[in-house]
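The lines below spell out each chain.
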Amino acid sequence: MSKVYIALQDNDESRYIVEAIEEDNPEATIIHMPAMIRIEMEGRLTVNRETVEEKMGRDWDVQELHLNLITLGGNVDEDDDSLSLHWNE
Amino acid sequence: MAKKLNIKDKYRLLTRDLDWEYSYEDRKEAFPFEEFEGIKITDWSKWEDPFRLTMDSYWKYQAEKEKKLYAIFDAFSQNNGHLNVSDPRYVNALKLFLTGVSPLEYQAYQGFAHVGRQFGGVGARVACQMQAIDELRHVQTQIHAMSHYNKFFDGFQDYSHMHDRVWYLSVPKSFFNDARAAGPFEFMVAIGFSFEYVLTNLLFVPFMSGAAHNGDMATVTFGFSAQSDEARHMTLGLEVIKFLLEQHEDNVPIVQKWIDKWFWRGSRLLTIVAMMMDYMLPNKVMSWKEAWEVYFEEAGGALFKDLARYGIKMPKYAETIEKEKEHISHQAWWTFYTHGHAAGFHTWIPTDEELDWLSEKYPDTFDKYYRPRWELAKEMEAKGERFYTKALPQLCTTCQIPMLFTEMDDPTLNSFRDTVHNGERYHFCSDGCKDIFEDEPEKYVQSWLPVHQIFQGNCGGPDVENVLSDFYRMNLGEDNMDMKGSPDEKRWKQWKGVA
Numbered sequence: 001m002s003k004v005y006i007a008l009q010d011n012d013e014s015r016y017i018v019e020a021i022e023e024d025n026p027e028a029t030i031i032h033m034p035a036m037i038r039i040e041m042e043g044r045l046t047v048n049r050e051t052v053e054e055k056m057g058r059d060w061d062v063q064e065l066h067l068n069l070i071t072l073g074g075n076v077d078e079d080d081d082s083l084s085l086h087w088n089e
Numbered sequence: 001m002a003k004k005l006n007i008k009d010k011y012r013l014l015t016r017d018l019d020w021e022y023s024y025e026d027r028k029e030a031f032p033f034e035e036f037e038g039i040k041i042t043d044w045s046k047w048e049d050p051f052r053l054t055m056d057s058y059w060k061y062q063a064e065k066e067k068k069l070y071a072i073f074d075a076f077s078q079n080n081g082h083l084n085v086s087d088p089r090y091v092n093a094l095k096l097f098l099t100g101v102s103p104l105e106y107q108a109y110q111g112f113a114h115v116g117r118q119f120g121g122v123g124a125r126v127a128c129q130m131q132a133i134d135e136l137r138h139v140q141t142q143i144h145a146m147s148h149y150n151k152f153f154d155g156f157q158d159y160s161h162m163h164d165r166v167w168y169l170s171v172p173k174s175f176f177n178d179a180r181a182a183g184p185f186e187f188m189v190a191i192g193f194s195f196e197y198v199l200t201n202l203l204f205v206p207f208m209s210g211a212a213h214n215g216d217m218a219t220v221t222f223g224f225s226a227q228s229d230e231a232r233h234m235t236l237g238l239e240v241i242k243f244l245l246e247q248h249e250d251n252v253p254i255v256q257k258w259i260d261k262w263f264w265r266g267s268r269l270l271t272i273v274a275m276m277m278d279y280m281l282p283n284k285v286m287s288w289k290e291a292w293e294v295y296f297e298e299a300g301g302a303l304f305k306d307l308a309r310y311g312i313k314m315p316k317y318a319e320t321i322e323k324e325k326e327h328i329s330h331q332a333w334w335t336f337y338t339h340g341h342a343a344g345f346h347t348w349i350p351t352d353e354e355l356d357w358l359s360e361k362y363p364d365t366f367d368k369y370y371r372p373r374w375e376l377a378k379e380m381e382a383k384g385e386r387f388y389t390k391a392l393p394q395l396c397t398t399c400q401i402p403m404l405f406t407e408m409d410d411p412t413l414n415s416f417r418d419t420v421h422n423g424e425r426y427h428f429c430s431d432g433c434k435d436i437f438e439d440e441p442e443k444y445v446q447s448w449l450p451v452h453q454i455f456q457g458n459c460g461g462p463d464v465e466n467v468l469s470d471f472y473r474m475n476l477g478e479d480n481m482d483m484k485g486s487p488d489e490k491r492w493k494q495w496k497g498v499a
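Protein chains in written order, with this note's numbering: chain A, 1 to 89; chain B, 1 to 499.
None of these hints come from the bench; they were simulated from the model. Some hints could be false.
[Unchecked claim] Cross-link-like lysine to aspartate or glutamate pairs, in silico, EDC-like; alpha carbons within 16 angstroms at most:
id: 1; chain 1: B; residue 1: K4; chain 2: A; residue 2: D79
id: 2; chain 1: B; residue 1: K60; chain 2: A; residue 2: E64
id: 3; chain 1: A; residue 1: K3; chain 2: B; residue 2: E298
id: 4; chain 1: B; residue 1: K4; chain 2: A; residue 2: D81
id: 5; chain 1: B; residue 1: K68; chain 2: A; residue 2: E13
id: 6; chain 1: B; residue 1: K305; chain 2: A; residue 2: E89
id: 7; chain 1: B; residue 1: K257; chain 2: B; residue 2: D435
id: 8; chain 1: B; residue 1: K173; chain 2: B; residue 2: E105
id: 9; chain 1: B; residue 1: K10; chain 2: A; residue 2: D79
id: 10; chain 1: B; residue 1: K313; chain 2: A; residue 2: E89
id: 11; chain 1: B; residue 1: K65; chain 2: A; residue 2: D10
id: 12; chain 1: B; residue 1: K60; chain 2: A; residue 2: D61
id: 13; chain 1: B; residue 1: K8; chain 2: A; residue 2: D79
id: 14; chain 1: B; residue 1: K4; chain 2: A; residue 2: D10
Taking the hints into account, I'd like the entire structure generated from these sequences.
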């Protein structure tokens, strides 16, 4: 199965987003590189608003992800509660 | 208080519902470029935009990105950030970026503004308009970021003039001219899909991480800020492909032909990035080959598996492309090293440590084919005979790159192809470039090939030096030649207080 991936700028906001991704996608691999964090996973990877809000301790709009996003790979599904990536095989 | 709209409803109201029916004008006249490429669209309303970004949110998030970015530019400049880069050689990668890449952002803006007007579907139009504005932002932020370096280093002063004239810069310039001179759907497959989805990742992700690793806060910041828009562009590129393939089965062979063409054109263009990664970043993040494996082979492989259900195959020449990752960075840097008198940036022999790193990263090719050249160059330099070639290179008519590539099954043999069209012989670096020419010879016979133009007397002269100084506006003895002994190097030593 192919891997989907997402890369975020390494900063204070992303740290919470990465924690949320790790919690909701225990199979994900987190790779730290200079100034960026790359997360890859086979199948489907989901970023949930609720989990991110819990980590950040404030309201968080899924579209705020754009501020720290560097790149992604996979088909995107986004609504008010989550963003997910997957490949059709 | 009124209930907040969810993003699906908001997207529908602020995008789809802004379109209108044509009651008294002919729709075909309103969208005159929509049919000539042979692409069949039966229902634009099937267009999906997974991010569902509306203009109000777009402005809000883009403004926030800009505020962050410019705060960092100010801090960088106020703190003399240029003194914190790992090594002054690094700055030469930025000269290549400003002269070769930033003007492409402007061309991308022009291209997306054009297709953002020409598509009949409102969802596609809005997404393309946002991308056009993004691309304009990218060129502006890059010029701002590099204006700081222009105060302290040579080679940044005339990037736009140079982009339009200099021999190696015709490679990126003609790539975008080719895409923009195509119809709107080919432009989207070329730039929106092939270039944005797979190839720009290689420039804006590992190279920018490399900029951070070399102490260049300004570049990594504009790079990642640009790339945050890129994630949206990639999604647009993928949606375009899926939409075209789902609209009509007759679109499949047309799209496949464009994919074959533009993945090959794009791989050729990225030769310059390969060289920047392997030779111009003093502190290394990953080799070109490793970056290629992650972003092209793994990510691109997953993408093409996904598209297989539409009957789309891996791009033609994928096998050649796979072999090239072992060679092209070395072949390109050697070419620039030997033409260093005609380049608008400095070149150099890699240090012994760097040569060892290349040997380690390219165990199958570097020691066998490329290291001996550098050992020879070192010997010649030690004798005071730093080598510069006297000849002008022959160029490929399609990609416009000098004929520097070898056969991939025999890296000691240069790769040459040719074809005759209307009694004239045209030369190519590869089967890929030859096939592209033969498919549309009327287009490529018009290529503005810098070396041909010099020989025809269209670039001043009579000597190469006159062309470089008067036509290209290079400051000879400052912008060009080896890093060793350059004014850049002297100033750096002064700043750092070393002899």
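Now for the hints, and whether the structure bears them out:
{"no.": "1", "hint": "B:K4 x A:D79", "verdict": "holds (14 angstroms)"}
{"no.": "2", "hint": "B:K60 x A:E64", "verdict": "holds (10 angstroms)"}
{"no.": "3", "hint": "A:K3 x B:E298", "verdict": "holds (8 angstroms)"}
{"no.": "4", "hint": "B:K4 x A:D81", "verdict": "holds (14 angstroms)"}
{"no.": "5", "hint": "B:K68 x A:E13", "verdict": "holds (13 angstroms)"}
{"no.": "6", "hint": "B:K305 x A:E89", "verdict": "holds (7 angstroms)"}
{"no.": "7", "hint": "B:K257 x B:D435", "verdict": "holds (11 angstroms)"}
{"no.": "8", "hint": "B:K173 x B:E105", "verdict": "holds (11 angstroms)"}
{"no.": "9", "hint": "B:K10 x A:D79", "verdict": "holds (11 angstroms)"}
{"no.": "10", "hint": "B:K313 x A:E89", "verdict": "holds (14 angstroms)"}
{"no.": "11", "hint": "B:K65 x A:D10", "verdict": "holds (15 angstroms)"}
{"no.": "12", "hint": "B:K60 x A:D61", "verdict": "holds (12 angstroms)"}
{"no.": "13", "hint": "B:K8 x A:D79", "verdict": "holds (7 angstroms)"}
{"no.": "14", "hint": "B:K4 x A:D10", "verdict": "violated (32 angstroms)"}
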